[in-house]
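Read top to bottom, the protein sequences are chains A and B.
Letter by letter, the first sequence follows residues 274 to 653 in this note's numbering.
Letter by letter, the second sequence follows residues 332 to 529 in this note's numbering.
Just to be clear, a hint being listed does not mean it is correct.
Said to hold, decoys possible - In the EDC-like style, the derived pairs of lysine to aspartate or glutamate whose C-alpha atoms are separated by at most 20 Å in a straight line are:
# : chain 1 : residue 1 : chain 2 : residue 2
1 : B       : 404       : A       : 608
2 : B       : 380       : A       : 566
3 : B       : 404       : A       : 598
4 : A       : 317       : A       : 646
If you're looking for bench data, these hints aren't it; they were derived computationally from the structure.
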Amino acid sequence: MTDSLGVVTPFSIAFEKPLTLERGGTLPRYELMVETYGTLNADKSNAVLVCHALSGDHHAAGFHTDQDDKPGWWDHYIGPNKPIDTNRFFVVSLNNLGGCSGSTGPLTDNPETGAPYGPDFPEVTVSDWVESQARLADHLGIDRFAAIVGGSLGGMQAMQWAITYPERIGACVMIAAAPRLTAQNIAFNEVARQAIMRDPNFFDGHYAAHDVIPASGVGLARMVGHITYLSDIAMGEKFGRQTPRSDRDAEGANFAVEQYLRYQGQQFSHRFDANSYILMTRALDYFDPTDNERIPLAEVLRQTQCRFLVLSFTTDWRFSPARSEEIVNALIHAERPVSYTRLESTHGHDAFLIADPTYESIFKAFMDRVSDDVGATDER
Amino acid sequence: MSVDTGRIPEWIPQGARVLDLGCGEGHLLAELQTTRAIQGLGLELDPEKIATCLRRGLNVVQQDLNQGLSNFKANQFDTIIMTQTLQAIRRPDTLLDDMLRVGREAIVTFPNFAHVKNRIQLGIFGHMPVNPQLPNPWYDTPNIHLSTFDDFEALCDQLKIQILNRDTSNLSGQRSWLGTVWPNLFGEVAVYRLTKEH
Chain A
274 MTDSLGVVTP FSIAFEKPLT LERGGTLPRY ELMVETYGTL NADKSNAVLV
324 CHALSGDHHA AGFHTDQDDK PGWWDHYIGP NKPIDTNRFF VVSLNNLGGC
374 SGSTGPLTDN PETGAPYGPD FPEVTVSDWV ESQARLADHL GIDRFAAIVG
424 GSLGGMQAMQ WAITYPERIG ACVMIAAAPR LTAQNIAFNE VARQAIMRDP
474 NFFDGHYAAH DVIPASGVGL ARMVGHITYL SDIAMGEKFG RQTPRSDRDA
524 EGANFAVEQY LRYQGQQFSH RFDANSYILM TRALDYFDPT DNERIPLAEV
574 LRQTQCRFLV LSFTTDWRFS PARSEEIVNA LIHAERPVSY TRLESTHGHD
624 AFLIADPTYE SIFKAFMDRV SDDVGATDER
Chain B
332 MSVDTGRIPE WIPQGARVLD LGCGEGHLLA ELQTTRAIQG LGLELDPEKI
382 ATCLRRGLNV VQQDLNQGLS NFKANQFDTI IMTQTLQAIR RPDTLLDDML
432 RVGREAIVTF PNFAHVKNRI QLGIFGHMPV NPQLPNPWYD TPNIHLSTFD
482 DFEALCDQLK IQILNRDTSN LSGQRSWLGT VWPNLFGEVA VYRLTKEH
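The following block holds chain B by itself, in its conformation from the complex (with noise of 0.2 Å):
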């Protein structure tokens, strides 16, 4: 499932040292490094696309993302990216933390439970919602916390992680005006950049 980066690059200042948590083939920090000329390191599971990535010249560490960052150090980063991957985390709400422990600010994008489609799908047909962005069958699909705009910012609030922005927009990175006025309802892709007091 990928997401066009929409406007990740904006948010990310020049020369800034960015930590991408699961970062696929890198096409997000390969961008970055062109555009911001960021000091970037990736982490993913799968060694195909770490192979990707170094073909690239980009630095990738292996790691589970559900084992947490202990093994960084506060405020080790400007900005820590996770693009399309807090659904599948174990425990989104402790990495959440951990992203904000290690990085001064955290992007972070999934896929809007509560979209008109998924409503649809689940509310009048009774079925859990297969399509693009959630294309996995119930039974076998990595996407084991499924959220919602709402949801996503009640956890902040309860973890006291300030949003900073908010946006949303369709697989392919476009923003629509009805996803902007009501993100929860016709937003596809949830986008968050968010800070925390220390």
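The shape of chain A in the complex, shown without the other chains (with noise of 0.2 Å):
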């Protein structure tokens, strides 16, 4: 396929320099798992970062190995003449501190103990995340990113880099993102969190030592977090009331929602890690640039240098149209460079992962504005 990167193939990268995290604690040394597309070129101006949302990983595009079905989580958008196009980008994407797909998270061994961190993990906040990304940035020799680009905790992390390091960005893509969280959306996560924290494998996060994981908890978790991911039509179209499938096992589910919801959150609690769930719900409650609204939103913006490209779905609910037009009124206020689209989309907050043509168009033509701008041209 033309349109695919074909094989890629993540990497670690350990940093000895100890991290000192926001919220206290300090992390004597770290990993993260990375992988690129692309090629840096020779001035190194055509680097593209990527942040991954709240259950995301390094694994963006492209398939790990031949037979792989599933491709990365972004590949509609990341690959040879897509919107982040690896023809004239290089392409960064990495897991973040506190994961659970190869960086240093919850289940790396404690340098201090010989044991898994667990739930002794430090608590990590985007701006954390932002500080080893620019390590990262470092390590591979970019001063400045041509663009930084997220979906929803993606697109939080991309903000925190334009406010942090103005001069390290030269384009902010913030993709069904929101400038904070809302009281609901802090509940669906607590409610997400005591699913996890009630099961009784959970052990107060100590479940490695018993040598269990608490699955049922971490699948509800998810079948919450999956809900408010859909569109209420989005669910009618895949689903509305029929039967469960019967090539499926229903476990006594009535309708097929329902045994599509145990489906998704048992494959989820085998694939993720209890603790860093609960490190990244957190993460993402306390995520808040205006330190609880003692500073506007248009003000802490007012010191970012980036054009900034905002992107909303009509029928997200988890992070309203609303929520992107809060971020882009603040950054007319701030008198900063933005543009912005509300796209049409039955699909709810998932919709920035589902292709589409619109999206793709609209994302397309700024990211290839951009590679103009940093004289990123085709290298194929």
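Now that you have both chains on their own, put them together as the hints suggest.
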């Protein structure tokens, strides 16, 4: 396939300089699991950082093996001739600190005890992620990213980059994001955390010592999360009131949507670490560049120097278009260069991951211009 | 319905902050960026047109002008431009007022409904005009608030809006001496440069 990256290989980078964390605590050393796509040009001006959302990881595009049937999570938008065009850009994607896909996190051994951190892994914030990503950029020799791009929680990292390192980012793309969570957003995250913590196999996060995982709690957390990622319309179109599929275990489910959620929950519970999930949702909850409205968002964004593209989706109710428009209006007030589109979609919050011609056309138009501006030519 | 930008660039100072309402594919903003080094922002509804603007390196926000400009601060722009869109707005009066709150000056163009061609179609033949400037039939047209030079000036008077310049052109942006002498009868496109004391 000409529009696929084909097989990509993740690699790990070790950082030996301790990282002091925003909410207290220090990581004496850490590793980041990374994938890169495309070629860094001679003046190192064509790098794009992709930031992942709550349960994402470094595997954003391409396949890990020839036999892989599922590509990376953003394969629709990263690859040759795609919006993040790997013929032009050098793309950096990583698993964030505290994650469970190879970067240092609760599953990693604590060098002080020799046992996995588990629930004792220090709390990390969006700013901590940005700091670790900046060190990753230093390691790769990238002074300035042509663009930093992310959806949902990934968009918040892109925003924090623009605030913290205005001189190191040329363009900031925030898709289906929000300037900070509402009480309702935090409430859904809390239900997810409680589902995990009340699982008898959780053992206050020390489940590894008991050789179990709180699969039921993590699965339930994922089921709640999944509902908030979809829209009523999308669920109606996909399942309606259909009865369960006969080719899969129905486990006593009465409707197809029950069977689907259970399946998703179960799959996720074996893929994602419970302590990581709690940590990631907390980072999401605490993200607030206004410091609890002490500084208006427009004031915070006034110090940025990059161009912005903000995209939202009509049926997204987790981070609705109104939340994106808060960011847009703050940027307008701050007299920063911003473009914005509210894309028609029935897919809810998940729309940012799904292929759509209008979304693709807007995203590609912006990114093509970014690559022209940094002189990134087609390397084919 | 696109109209040549005509004299508009002459009214834009170098480096001005310009907001273009209904910027379409961004022809005017792109021209002003090149010739006047403006800091431009466009508002547009159509995602395809937004994509074209983005390819040109312009900044465009998707926004429905019928919802007003309340998300902008007072005097945030030097000039607000709205070409051939006023007649499609639900409340042209409130939008004009809002434009001169957000911008120090406004440039507005619209089709002159009192142009002789329209008068003949309506006054003699008894039909709602359909012509290159007003191509839609009456039952399916975005142009819900057609007006004339005289009507528009009456509204400006009522809103205490000061007319800095009045110009007229045909659809290709050229001026005719007849239109200059007698705009309400011979001017195809009405072009106004406005301001308001605050």
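Against the 20 Å threshold, does the CA-CA distance of residue 404 of chain B and residue 598 of chain A hold or violate the hint? holds (15 Å)
Hinted pair residue 404 of chain B and residue 608 of chain A, Cα distance within 20 Å: Between residue 404 of chain B and residue 608 of chain A the Cα gap is close to 10 Å, so the pair holds against 20 Å.
Between the alpha carbons of residue 380 of chain B and residue 566 of chain A, is the straight-line distance 20 Å or under? violated (36 Å)
Would the hint linking residue 317 of chain A and residue 646 of chain A be met if the CA-CA limit is 20 Å? holds (13 Å)
Checked against the numbered hints above, the structure breaks only hint 2 and satisfies the rest.
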